[in-house]
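K.L.:
Protein sequence lines, in the order shown, are assigned to chains A and B.
Start counting at 1 in the first sequence, then tack on 294, and there's your number in the numbering used here.
Start counting at 1 in the second sequence, then tack on 294, and there's your number in the numbering used here.
Keep in mind that the hints were calculated from the coordinates and are not lab data.
Where a beta carbon is used, it is the ideal one built from N, C-alpha and C, also for glycine.
One should not assume that every hint holds.
Claimed, not checked - Label-pair distances were calculated between CB atoms; the ranges are:
| # | chain 1 | residue 1 | chain 2 | residue 2 | range |
| --- | --- | --- | --- | --- | --- |
| 1 | B | 529 | A | 717 | 24 to 34 angstroms |
| 2 | B | 474 | A | 596 | 52 to 62 angstroms |
| 3 | B | 405 | A | 626 | 17 to 27 angstroms |
| 4 | B | 724 | A | 341 | 42 to 52 angstroms |
| 5 | B | 658 | A | 328 | 25 to 35 angstroms |
There are 2 protein chains.
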Amino acid sequence: MSTLTSLFEAGSVAIVGASDNPHKIGGRPVAYMKRLNYQGKLIPINPKADVIQGLPAKRSLLELDTPVDLAVVAVPDTLVEKVIKEGLSVGIKNFVVFASGYAEINQQGLEKQRQLQALFDGTQARLLGPNCLGFINTETQLVASFTTAMEQHPLKTGGLSFAGHSGALGAYWLDKTIHAEIGVSKWISSGNEANLPLDEIVDYLATDPQTTIISLYIEEIRHPDKFENALLLAKKNNKPVIALKGGKTAAGARATAAHTASNPLKGVGYAAIFKRTGVIEVQSLSEMIDCSQFYAKGLTLFGNKVGIISISGGAGVLLSDQLEANGLSITGFSDELYTTMEPLLPSFSTVQNPVDLTAALVARPEMLRETTQQLVDSTEFDAVVIFMGLMDSVAQQLTDALLKLKSEPSCPVFLIWMGGNKALLTQIAQHGILVFEEIPDLVTLLSNVKP
Amino acid sequence: MSTLTSLFEAGSVAIVGASDNPHKIGGRPVAYMKRLNYQGKLIPINPKADVIQGLPAKRSLLELDTPVDLAVVAVPDTLVEKVIKEGLSVGIKNFVVFASGYAEINQQGLEKQRQLQALFDGTQARLLGPNCLGFINTETQLVASFTTAMEQHPLKTGGLSFAGHSGALGAYWLDKTIHAEIGVSKWISSGNEANLPLDEIVDYLATDPQTTIISLYIEEIRHPDKFENALLLAKKNNKPVIALKGGKTAAGARATAAHTASNPLKGVGYAAIFKRTGVIEVQSLSEMIDCSQFYAKGLTLFGNKVGIISISGGAGVLLSDQLEANGLSITGFSDELYTTMEPLLPSFSTVQNPVDLTAALVARPEMLRETTQQLVDSTEFDAVVIFMGLMDSVAQQLTDALLKLKSEPSCPVFLIWMGGNKALLTQIAQHGILVFEEIPDLVTLLSNVKP
Numbered sequence: 295m296s297t298l299t300s301l302f303e304a305g306s307v308a309i310v311g312a313s314d315n316p317h318k319i320g321g322r323p324v325a326y327m328k329r330l331n332y333q334g335k336l337i338p339i340n341p342k343a344d345v346i347q348g349l350p351a352k353r354s355l356l357e358l359d360t361p362v363d364l365a366v367v368a369v370p371d372t373l374v375e376k377v378i379k380e381g382l383s384v385g386i387k388n389f390v391v392f393a394s395g396y397a398e399i400n401q402q403g404l405e406k407q408r409q410l411q412a413l414f415d416g417t418q419a420r421l422l423g424p425n426c427l428g429f430i431n432t433e434t435q436l437v438a439s440f441t442t443a444m445e446q447h448p449l450k451t452g453g454l455s456f457a458g459h460s461g462a463l464g465a466y467w468l469d470k471t472i473h474a475e476i477g478v479s480k481w482i483s484s485g486n487e488a489n490l491p492l493d494e495i496v497d498y499l500a501t502d503p504q505t506t507i508i509s510l511y512i513e514e515i516r517h518p519d520k521f522e523n524a525l526l527l528a529k530k531n532n533k534p535v536i537a538l539k540g541g542k543t544a545a546g547a548r549a550t551a552a553h554t555a556s557n558p559l560k561g562v563g564y565a566a567i568f569k570r571t572g573v574i575e576v577q578s579l580s581e582m583i584d585c586s587q588f589y590a591k592g593l594t595l596f597g598n599k600v601g602i603i604s605i606s607g608g609a610g611v612l613l614s615d616q617l618e619a620n621g622l623s624i625t626g627f628s629d630e631l632y633t634t635m636e637p638l639l640p641s642f643s644t645v646q647n648p649v650d651l652t653a654a655l656v657a658r659p660e661m662l663r664e665t666t667q668q669l670v671d672s673t674e675f676d677a678v679v680i681f682m683g684l685m686d687s688v689a690q691q692l693t694d695a696l697l698k699l700k701s702e703p704s705c706p707v708f709l710i711w712m713g714g715n716k717a718l719l720t721q722i723a724q725h726g727i728l729v730f731e732e733i734p735d736l737v738t739l740l741s742n743v744k745p
Numbered sequence: 295m296s297t298l299t300s301l302f303e304a305g306s307v308a309i310v311g312a313s314d315n316p317h318k319i320g321g322r323p324v325a326y327m328k329r330l331n332y333q334g335k336l337i338p339i340n341p342k343a344d345v346i347q348g349l350p351a352k353r354s355l356l357e358l359d360t361p362v363d364l365a366v367v368a369v370p371d372t373l374v375e376k377v378i379k380e381g382l383s384v385g386i387k388n389f390v391v392f393a394s395g396y397a398e399i400n401q402q403g404l405e406k407q408r409q410l411q412a413l414f415d416g417t418q419a420r421l422l423g424p425n426c427l428g429f430i431n432t433e434t435q436l437v438a439s440f441t442t443a444m445e446q447h448p449l450k451t452g453g454l455s456f457a458g459h460s461g462a463l464g465a466y467w468l469d470k471t472i473h474a475e476i477g478v479s480k481w482i483s484s485g486n487e488a489n490l491p492l493d494e495i496v497d498y499l500a501t502d503p504q505t506t507i508i509s510l511y512i513e514e515i516r517h518p519d520k521f522e523n524a525l526l527l528a529k530k531n532n533k534p535v536i537a538l539k540g541g542k543t544a545a546g547a548r549a550t551a552a553h554t555a556s557n558p559l560k561g562v563g564y565a566a567i568f569k570r571t572g573v574i575e576v577q578s579l580s581e582m583i584d585c586s587q588f589y590a591k592g593l594t595l596f597g598n599k600v601g602i603i604s605i606s607g608g609a610g611v612l613l614s615d616q617l618e619a620n621g622l623s624i625t626g627f628s629d630e631l632y633t634t635m636e637p638l639l640p641s642f643s644t645v646q647n648p649v650d651l652t653a654a655l656v657a658r659p660e661m662l663r664e665t666t667q668q669l670v671d672s673t674e675f676d677a678v679v680i681f682m683g684l685m686d687s688v689a690q691q692l693t694d695a696l697l698k699l700k701s702e703p704s705c706p707v708f709l710i711w712m713g714g715n716k717a718l719l720t721q722i723a724q725h726g727i728l729v730f731e732e733i734p735d736l737v738t739l740l741s742n743v744k745p
């Protein structure tokens, strides 16, 4: 078992600097865990109050009857060292520090961070941060974080975990998983990594039984060898790893220095590590979420052969071009499939891949299901991509046709519907079909997940 | 004056095959022009009716009292030749043919297309199509098209024109311009180009006084030399040309053959033509619309120096990386600008480009306007990019701050707001700031429009 289990799966938490105001940094974790009904023991710590947000509070960590698994330190940077010393003195093994003003600002801050770090020398205690947004574990609804992404929303429990060097990007990631209705397991913001670097966190996630997919935002990796081993462990455990890498150019590296005091150009070959360990590198959070959706739905692309069904000849052309340019293959029909498809299509339509359904689809919406089902059942393709656009007058019938589609694990179906009706698209997505608004988004996903 | 003026600016139109049913192909153009109050003369033609959708109808083109400028031929392919002959016999100079079943399906169709083409030999008459969706001219609300994109919406009049080989992609383009509230001038679907190829249409748009920006979807260009001359004419007239090119791979070319009977790989160097003529090549309709928005708002990028203001350090890193990798430059501050910026920022924030506003922005939303205005006024940047995410609690104040921003033509301002409030973003866009949801979309735009 990873030594980080007692941190990320803490059964009791003290919030130091807990506030009665649920919008303050020290009030948010308390408010979130109260609302979400955290399954462990929650103790607010405030030097001036006996009750915080309705919960009995202690004046300091020194007054705890028994040590907690985790102390969330939500006090200003000037008070952090004192709180950590008190926590260590009563035997607390895990700390999260939110405060910034350390190595990311200047030499003086770096010195302050070194002092903080030194408190942990010779102990087995661990510190997440400083300059971080903390972490979330959805299994027990443990929210050791003040991220505003948790303000209004619940979190769906699932297998997708995130760890990274940007709390804010993590917050947007959380918001996107909520809107995409993807279940989340752990969410971890590592900040300045005075004591606990991302490589160790990835190692923890690689063996965490609840985590099935790992998403990362990376600036600088402190121990590239450990990082690579952790990624190999994830690979061995069949957990896809999806990474967004920051600080790849001189301009980006200057920005990371100010952000998390990191130096991402320090000679580590990230591209090579990603290649050796099968990490999928993405360019944006949206791309990361698309990839996560694919794996969260349990989909697999076993080969690169794509069948295309399109209402628009032009869209079929663009899809063919962009898929082929990205390593997918738009293979022709076997004679047998040609013979099966011909009677299903309008007389003036060419029977080939991509299939152009033409405006004849308006008169016979069921043609969408018939032709798609044939391609899926043919076993000649590893994926089928459908392109639709507008079609308001028959959108309900087309949706009904897609909902009747019988899927095959060997051939996932994807839908691009330009200008489509949001409510209908939600129904279609719930039927297991991944839905996109634009061609390049789908092309990028297939390129990312192809074998 | 282009010989195509009497086609695209027709003052009188006959709809042959006009239907009383406003949802049929022959009913749509009549319904659209009635609803939009077409400023010319509209005559439905139907062999069995005296009144169509409330308008007096003729039984055939032969019964017209005086020839019309344009005959829209909305009859099945088997009747097209007869209608064209009748039209030519009464002196009609312009035809649009919707029917498909010509060169795009087989040898027999090609033969049928050649016969259609031959009807125009030795005449000055012109034919748009067959196998096309027709055209729209918003100046007079002339809708010689059955595109369903016109079903529910009005069209805003403006300077953006579209021409291309896919009616459906054109329809999605129309839908997107309507949602983006960009004003449109001409919209032209050229189909199989039996008589009127895209190169001539581009030549018309290059001199059309109403058209200020030209968007194209291109499969095969019939006369590359004429095309290049038309593009050079557009360039000379300061009209940006934005092109989406289909049929760039073997798979794409197979698809165009079935789509518009074209052979896009026939040795024409499109990339070289685009480079010589300054055409912006895009990968999707969304990218095309982003580019069009930029020009439609009268914006210009005079250099490649970008200033960044971000609520998230990580997002600042990603923006720096991706902008620099795409030929933009994230230049540092002059001493003077450093001195001006320092007091505006939180004490723990590094004063540099990208500016990291940090969570301190929540307490002081006005900081967004103050810092952005300084970068704009400094004359040290050719563009300023703002990154925001979530921030629901102060979204209104941040919006108010942005609405107070004083813009400078030399330094357009762009906003990425991940998970932002749609209504507020609309207000911000109306203030002249281009708004995006994701980093790569903005990066692609700046890369497309950089000098």
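K.L.:
Broken hints, numbered, in rising order?
P.N.:
Numbers 1, 2, in rising order.
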